[in-house]
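Participant: Single-letter residue listing:
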Amino acid sequence: MIRNSSLGVLFLLMISSMPSSFANTQHHKTSPSKQTYNTPKAITRNDKPSIVTDSQISIYNAHKDKNNYVIALYTDQPGKALITYDSPTCQANSYGSTSINPKNKSEIEFTSTEDPLCKINFKKTNNNELKIIKETAACTAWHGDFCTFSSISLLTRIYPQ
Amino acid sequence: MKLLSIFTPYIIGTVIFFPVVSQAQSNSEPQQYSLNMIAYEYKSPNHYATVLYMPYYPAYGLVSMKSSGCNAEIAGYIDPFALKNKKLTITYKRCKISFDINQETQELSQPSETTSCADYHPKNCSFSQMPTLKLIPLKIKD
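So the sequences go chain by chain: D and W. Heads up: the first sequence begins at 97 in our numbering, then just goes up one per residue. Heads up: the second sequence begins at 1161 in our numbering, then just goes up one per residue.
No wet-lab data here; the hints were simulated from the structure. Note that the Cβ used here is the ideal one computed from N, Cα and C, for glycine as well. One or more of the hints may lead you astray.
Said to hold, decoys possible - Below, simulated DSS-like cross-link-like pairs (lysine-lysine); rule was C-alpha separation at most 27 angstroms, straight line: (1) D:160 - W:1299; (2) D:219 - D:162; (3) W:1253 - D:227; (4) W:1226 - D:220; (5) W:1253 - D:215; (6) W:1203 - D:220; (7) W:1299 - D:162; (8) D:201 - W:1203; (9) D:219 - D:201; (10) D:220 - D:199; (11) W:1226 - W:1283; (12) D:219 - W:1226; (13) W:1299 - D:220; (14) D:199 - W:1226; (15) W:1226 - D:201; (16) W:1244 - D:162.
Said to hold, decoys possible - Not the full set, but computed from the structure, chain D residues with beta-carbon under 7 angstroms of chain W: (17) 152; (18) 157; (19) 176; (20) 186; (21) 191; (22) 213.
When you get a sec, could you build the whole thing from the sequences and use the hints?
Facilitator: Now the structure itself:
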């Protein structure tokens, strides 16, 4: 009886100690894990300034005859963008947002804020050039028939040089 | 009718003469391309900010600031009347951001924003905290 009862007491003691030991391990695991997660974040934050010091925005320009065309946008990240087209017969300005094709990061899509159906697709041909691949029909309503972007399809980066 | 008969030779003369003058100008002078984009920028190890706008109507502008704790940007309309008074005002919905344009120092300073702009940036920062930005000289490539 005594043996049985002592074994029973031992068993109960073992069970009662188990959750606390689990809890302890979990507690110890969480606190170091917090540190390990925090450390890389802190490192990336320290690394960020080197990116921030570079110019984030890119400005591209093209002109043909009296037509002048300027695009300002982020080419390496999604963001806001401005487009302006000047010609004797056409003044077409717009603002909107860009997204980058996840499959091909050199392809950028501009969506007009005023008319989200107007989308213009660009391709970064190299560091200094931006080519207009296509635009949706809705953009014609915005810029009219007198200025098509295909007439000035290749833009040169003027900033940063 | 009398007036019309008096002014008709002048009108015909003006119509004939002006195209000749404009052609002569385009032949003798190199074509000047004006860039409908003005850009300002601020760069420091911890902070990047840029403001771009079109000076010619219909004009739009862009404000962007990036730092480790704050990423915010907005694009909207330019107030042409404020621009005449050397104030750059960019409006998107009810958010209005204004700057003072200093043409002598080529700087954009004294930023301010309306309360609605709080919807477009984190609580810990504001467009009114933007540093003074310097004009970027943009040159057109031929």
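Participant: If any of the earlier hints don't hold here, list their numbers in rising order.
Facilitator: 3, 20, 22
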